[in-house]
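J.: So the protein sequences, as listed, match chains P and H.
According to numbering that gives the first Met the number 0, the first sequence is numbered sequentially starting from 0.
According to numbering that gives the first Met the number 0, the second sequence is numbered sequentially starting from 0.
Calculated directly from the structure, the hints in this document are not laboratory data.
There's no promise every hint is true.
Claimed, not checked - Derived pair list, reagent style SDA-like, types lysine to any residue, alpha-carbon separation capped at 20 angstroms:
1) H:K174 <-> P:N79
2) P:K83 <-> H:E171
3) P:K83 <-> H:T133
4) H:K151 <-> P:M188
5) P:K68 <-> P:R84
6) P:K165 <-> H:E171
7) P:K192 <-> H:A22
8) H:K132 <-> P:V142
9) P:K83 <-> P:N131
10) P:K83 <-> P:E137
11) P:K164 <-> P:S199
12) P:K61 <-> P:V71
13) H:K132 <-> P:E196
14) P:K165 <-> H:Q116
As the list claims (entries may be wrong) - Partner residues are not named here, just some residues of chain P that face chain H (Cβ under 10 angstroms, in silico):
15) A93
16) E150
17) S199
Beta carbons are placed, not taken as given, at the ideal position from N, Cα and C, and that holds for glycine.
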Amino acid sequence: MGLLNFTRDPVPEAVSGDMHNLNQLSAQQFSALTEVLFHFLTEPKEVERFLTQLSDFATMNKISLGPLKNIVKSILLVPNGALKRNLSSEQVRADFIALGLSEEKASYFAEQWKVNSPTLTRLALGQTLMINQLIDMEWKFGVTAGSSELEKVGSIFLQLKLVIKKGSQTENVYMELTLPQFYSFLHEMERVKTSLESFS
Amino acid sequence: MAAVRSAELSALEGLLKAPSRDAVRQLCRECFSSPPAGLGPLAQRACPGLADSPEEAQQLVSALHSLTRHVVYHGLTRAEDIISLFPENFHQNLKNLLTKIILENVSAWRNEAQASQISLPRLVDVDWRVDIKTSSDSISRMAVPTCLLQLKIQEDAALCGNSPVVSALAVELSKETLDTMLEGLGRIRDQLSAVANK
């Protein structure tokens with residue numbers, strides 16, 4: 000089979016059979032199936048919808064659902080590997096051809112891949128590990144009017160609540176800043192923004 | 000906080016036995032800064048020479064604590080206001096000396112009181128770095144800048160006594176999160192200016 004771009008591991012044996020079955024679909028059927036697949040890849044949380052659409056496709060085209068699911072599993076190996084390895088659409092096309100898919104269908108799929116890859120890449124980036132991700136910030140500020148040590152105070156305080164994602168839980172961190180600290184914090188954050196922007 | 004009673008200030012006359020003005024000054028500072036619970040040791044330490052008995056020492060140190068705290072609490076700034084706190088027949092020179100020492104220290108003491116007032120944990124330091132993520136298990140080549148922020152937070156000083164606990168919290172922010180945060184901070188700044196300009 001020659002070296003594939005999307006994976007270095009040996010491909011399951013069933014795949015060439017599945018590709019052969021795919022070749023039997025008409026261009027229209029293949030295009031409809033491809034649409035269903037990319038709907039799922041771009042919205043991976045919509046599992047129910049994906050399964051429903053697959054089952055509808057199976058019914059409409061008089062294909063049994065079981066074999067269809069196997070075919071879909073085989074097809075999905077390529078885009079998943081391609082995403083991980085930043086493959087170009089030519090490489091995706093070449094891989095499908097190497098797996099046994101017809102040139103016409105391979106080119107079509109590769110085209111769809113090209114169209115969808117910005118969305119898919121963004122999704123993959125979003126899944127990248129983040130440590131103690133900051134997910135929310137709440138604040139309030141006010142004036143301290145007096146205290147047990149000072150009858151009249153009149154100083155401004157700022158309270159921040161940071162919501163941090165630690166593993167699968169969130170943790171709230173509360174803190175207080177004086178006014179000079181707030182301005183210094185704001186200044187630092189603006190410097191961070193400049194730095195991040197210069198790298199984007 | 001109980002108001003200082005002039006009768007209790009007569010205990011301060013024990014300070015006439017102090018070796019020097021600086022000793023009086025030092026004792027004033029220590030008595031102000033000490034919490035009420037810390038006065039016992041201060042009395043023992045500072046007063047074998049200034050008082051004839053432990054009770055007298057305790058009274059002296061308490062009186063000094065009350066007097067200094069009273070002045071700071073009410074924000075007294077004029078000598079007359081402080082002098083009027085003393086009982087009528089109080090030693091004139093000592094009264095003037097104490098008034099002078101207190102006036103010298105009152106604004107530093109105000110700052111000290113404000114710095115140690117109860118609050119939520121305080122932000123004491125902010126450090127940051129920007130990293131570029133180049134690879135991950137979900138995508139092998141990328142160039143995503145991200146910010147790591149380290150916040151040093153000090154627990155309430157009043158709860159920890161003299162050794163407050165400082166914890167360091169590391170937080171990661173994406174560019175989008177940072178932009179949102181800056182938006183929020185900008186709104187705070189605008190509101191602060193509006194309040195300041197009123």
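J.: A separate judgement is required for each hint: does it hold in the structure or not?
T.: Right, here's what the structure says about each hint:
{"no.": "1", "hint": "H:K174 <-> P:N79", "result": "26 angstroms, violated"}
{"no.": "2", "hint": "P:K83 <-> H:E171", "result": "23 angstroms, violated"}
{"no.": "3", "hint": "P:K83 <-> H:T133", "result": "13 angstroms, holds"}
{"no.": "4", "hint": "H:K151 <-> P:M188", "result": "15 angstroms, holds"}
{"no.": "5", "hint": "P:K68 <-> P:R84", "result": "25 angstroms, violated"}
{"no.": "6", "hint": "P:K165 <-> H:E171", "result": "11 angstroms, holds"}
{"no.": "7", "hint": "P:K192 <-> H:A22", "result": "53 angstroms, violated"}
{"no.": "8", "hint": "H:K132 <-> P:V142", "result": "42 angstroms, violated"}
{"no.": "9", "hint": "P:K83 <-> P:N131", "result": "24 angstroms, violated"}
{"no.": "10", "hint": "P:K83 <-> P:E137", "result": "36 angstroms, violated"}
{"no.": "11", "hint": "P:K164 <-> P:S199", "result": "24 angstroms, violated"}
{"no.": "12", "hint": "P:K61 <-> P:V71", "result": "16 angstroms, holds"}
{"no.": "13", "hint": "H:K132 <-> P:E196", "result": "14 angstroms, holds"}
{"no.": "14", "hint": "P:K165 <-> H:Q116", "result": "31 angstroms, violated"}
{"no.": "15", "hint": "A93", "result": "18 angstroms, violated"}
{"no.": "16", "hint": "E150", "result": "5 angstroms, holds"}
{"no.": "17", "hint": "S199", "result": "6 angstroms, holds"}
Checked against the numbered hints above, the structure violates hints 1, 2, 5, 7, 8, 9, 10, 11, 14, 15; every other hint is satisfied.
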